[in-house]
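Kindly generate the complete structure, drawing on both the sequences and the hints.
Single-letter residue listing:
There are 2 protein chains.
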Amino acid sequence: MATSNQNLKQEALRLGKQAKIAARQLAPLSAAEKNRALLLMAEKLEAKRAFLVEENQKDLECAKTNGASSAVLDRIALNPGRVQAMAQGLRDVAALADPVREVVKMWRRPNGLQVGRMRIPLGVIGIIYEARPNVTADAAALCLKSGNAVILRGGSEAHHSNQAIGAVLREACAETRVPQDAVQVVQIKDHALVTELLQLEEYIDLIIPRGGEDLIRAVVASSKIPVIKHYKGVCHVYVDADASLEMAERICFNAKVQRPSVCNAMETLLVHEAVAAKFLPAMIAKYQTAGVEIRGCESTCKLVPGLKPASEEDWSTEYLDLILAVRVVKNMDEAIGHIERYGSAHTESIVTTNYQKSREFVDRVNSSAVMVNASTRFNDGGELGLGAEIGISTSKIHAFGPMGLEELTTTKFIVFGDGQVRE
Amino acid sequence: MATSNQNLKQEALRLGKQAKIAARQLAPLSAAEKNRALLLMAEKLEAKRAFLVEENQKDLECAKTNGASSAVLDRIALNPGRVQAMAQGLRDVAALADPVREVVKMWRRPNGLQVGRMRIPLGVIGIIYEARPNVTADAAALCLKSGNAVILRGGSEAHHSNQAIGAVLREACAETRVPQDAVQVVQIKDHALVTELLQLEEYIDLIIPRGGEDLIRAVVASSKIPVIKHYKGVCHVYVDADASLEMAERICFNAKVQRPSVCNAMETLLVHEAVAAKFLPAMIAKYQTAGVEIRGCESTCKLVPGLKPASEEDWSTEYLDLILAVRVVKNMDEAIGHIERYGSAHTESIVTTNYQKSREFVDRVNSSAVMVNASTRFNDGGELGLGAEIGISTSKIHAFGPMGLEELTTTKFIVFGDGQVRE
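Sequences listed follow chains A and B, in order. Sequence positions in the first sequence follow the working numbering and run 1 to 423. Sequence positions in the second sequence follow the working numbering and run 1 to 423.
Keep in mind the hints are simulated off the structure, nothing from the lab. This one's a predicted model, so the numbers in the text were calculated from it and none came from an experiment. A portion of the hints provided could be inaccurate.
Identical chains share a label here; the pair holds if one copy fits it or two copies do between them.
Straight-line C-alpha distance at most 27 angstroms; calculated DSS-like pairs for lysine-lysine [unchecked claim]: (1) K232 to K20; (2) K357 to K105; (3) K17 to K232; (4) K330 to K20.
This is the structure we're talking about:
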């Protein structure tokens with residue numbers, strides 16, 4: 001679609017202004033009013049299943065013509081089961097507690113002023129994502145429940161599906177007190193529109209990009225609006241000298257193999273030299289049986305002959321695949337040094353039975369989730385008890401780690417006085 | 001000083017890398033170790049009073065040569081009293097609770113995992129500020145106490161003073177376990193160095209600009225690092241139909257007159273039409289006696305003849321001076337509408353005896369501080385009980401309102417397990 005720059009600027013501005021107006025109407029709504037919209041959205045998604053699958057077909061055909069891989073086709077695909085899952089996702093969000101207007105703390109000042117912090121929505125959130133069309137419904141639900149208007153810009157490969165889902169969600173809004181423009185799906189495919197949106201500091205409060213590192217870096221580079229980002233997850237498990245090796249085997253296997261394609265899967269295994277000879281040969285054999293390719297440090301390769309040696313690059317690579325780098329370390333200091341140098345501040349876990357070591361690891365490692373005797377795969381909003389997540393932040397500003405409904409709010413100070421003035 | 005771009009890039013990188021190393025050494029230090037450095041800094045500032053005043057003379061002479069106004073000269077000036085106040089500021093920060101490693105919440109998951117959120121430092125903070133050299137000590141203290149390394153870039157008009165203060169602070173660090181590079185004062189005056197610093201996303205976690213709107217907008221425009229910003233404070237007091245007019249007079253006078261040059265001073269007074277005739281003439285007379293220039297809406301000008309009429313521009317102007325815009329409104333809806341349209345999300349206060357109105361105002365107005373029956377002047381970290389403040393954020397990401405020590409931290413998830421893996 002050929003669109004002049006001027007038109008794109010105007011379209012972005014229109015989206016931003018409408019979102020800001022909607023955000024003001026949405027903010028004061030009660031949880032009941034927002035939940036009514038969410039449940040109606042779920043109902044309508046189910047009722048319009050056939051329409052959604054039909055629109056999705058257009059995306060699939062187009063992707064096939066463009067020679068998309070079967071993995072990409074699977075990510076784009078909507079079938080009745082997936083529509084059902086989206087509807088269930090909306091109902092799950094409706095069941096979560098509403099964070100808006102919660103007073104998180106309150107105290108009294110010597111002059112009698114009562115001061116508190118009350119959660120309020122951020123305002124307008126822009127989500128820029130790729131492939132999976134279910135993000136359209138999931139992200140809209142989390143933003144709506146936290147009182148934020150959302151502008152959704154999905155990947156062009158799922159354009160028809162996203163438009164169709166957006167239309168159904170907006171139709172539901174129209175029958176409730178939630179303004180329709182609380183959920184806007186960008187209609188123009190031209191990527192230059194995204195660049196225009198990223199300039200609208202006055203109308204959009206936060207940008208959340210979801211997708212590959214390239215997408216996220218491009219968004220950060222051109223945005224005037226704060227961006228919450230997650231470049232990659234190079235997660236580590238450190239098996240301490242005092243580990244239960246049976247537990248270590250269970251955790252290390254789960255962290256790598258249970259779902260290797262996600263950001264909280266382990267990419268590098270660090271093993272204390274005192275247990276390496278006892279632990280690694282059996283562990284690596286188990287990995288190899290499960291199809292995991294091992295890339296070892298010098299010591300690892302000595303313990304288990306025939307392994308591919310790890311290169312310097314391996315230590316900072318997010319494989320997202322059945323590949324694992326393994327390094328033997330002298331002690332916990334070396335393990336933490338390795339994590340600081342090569343890690344991505346995502347998730348690290350220590351396996352140990354030593355009280356002192358567990359405390360030191362938790363205190364010293366400053367990743368978004370630091371675990372003792374648990375699989376890295378638990379760094380997930382649902383698993384940690386946030387109810388749902390809109391993404392994982394590996395930058396420390398505003399939110400660090402999985403972001404649930406609370407992370408889509410901020411707090412304002414509320415002050416109750418009896419006529420106090422400053423001296 | 002003529003410096004090539006390549007040199008500036010290298011110097012910025014050097015500062016960033018050193019800060020990141022220092023941040024890692026600083027993060028694990030105990031409160032006692034950090035306090036020792038703060039108290040030693042205070043001692044040394046007092047001991048080197050003469051040196052500081054001498055260096056400050058160079059700045060003052062240079063400023064005089066450049067024809068600086070007496071207001072600017074006053075802002076730059078250091079005298080023994082001001083050095084003493086800086087030292088006291090450091091002792092006050094030492095007396096505050098250390099936020100680092102506080103576990104703010106902890107809960108248990110159905111699978112037995114114990115999950116919590118632990119405060120950690122942000123890492124490296126860049127502060128870009130103007131004029132007052134005391135910011136060098138104040139900001140360094142807050143960053144140090146919250147476990148963050150800081151890169152300080154003050155205005156060139158206080159260059160010698162800032163260098164001198166920085167040297168004293170670093171000398172104190174050298175005698176403690178706090179790394180010297182936890183406090184770095186930029187030595188190169190060339191403004192292009194700031195632009196280079198703002199690109200160092202990998203080494204600096206947060207930028208806090210302190211100064212005029214132009215400075216802040218310039219920083220936001222060129223920064224790849226998250227910026228916490230505060231453009232301006234157009235603060236309102238709304239005198240409700242049910243206000244105690246005696247209390248309203250006290251609060252309105254204080255909010256405008258007690259210190260008009262600061263961001264939490266009132267700039268626009270909104271008065272319900274039901275009490276305007278009774279309230280405004282006496283109030284305005286009192287203002288005029290105090291030298292306040294009034295710019296009124298049509299109704300205000302009718303009630304008090306001879307006033308200057310307010311222009312459309314007045315409603316969104318931060319005077320920072322003894323000037324006040326006054327508008328009569330039909331009701332609270334109109335008052336809130338005015339605040340949403342012209343306000344800056346900084347501070348708004350309602351004066352009322354009506355329970356329902358007080359609740360509605362607090363719920364509906366989403367400024368960084370929303371008050372009932374109190375002067376807007378209380379929107380200040382010290383007054384609200386945060387202990388101290390490094391600035392006030394009017395953007396909602398990360399922090400909204402005054403930022404104390406807690407706002408210079410983030411939280412990581414900590415997870416204690418017994419071998420849990422994901423199904």
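Right, here's what the structure says about each hint:
no. : hint         : verdict
1   : K232 to K20  : between (31 angstroms within a copy, 20 angstroms between copies)
2   : K357 to K105 : between (34 angstroms within a copy, 22 angstroms between copies)
3   : K17 to K232  : between (33 angstroms within a copy, 22 angstroms between copies)
4   : K330 to K20  : between (56 angstroms within a copy, 25 angstroms between copies)
In the structure shown, no violation is registered for any of the earlier numbered hints.
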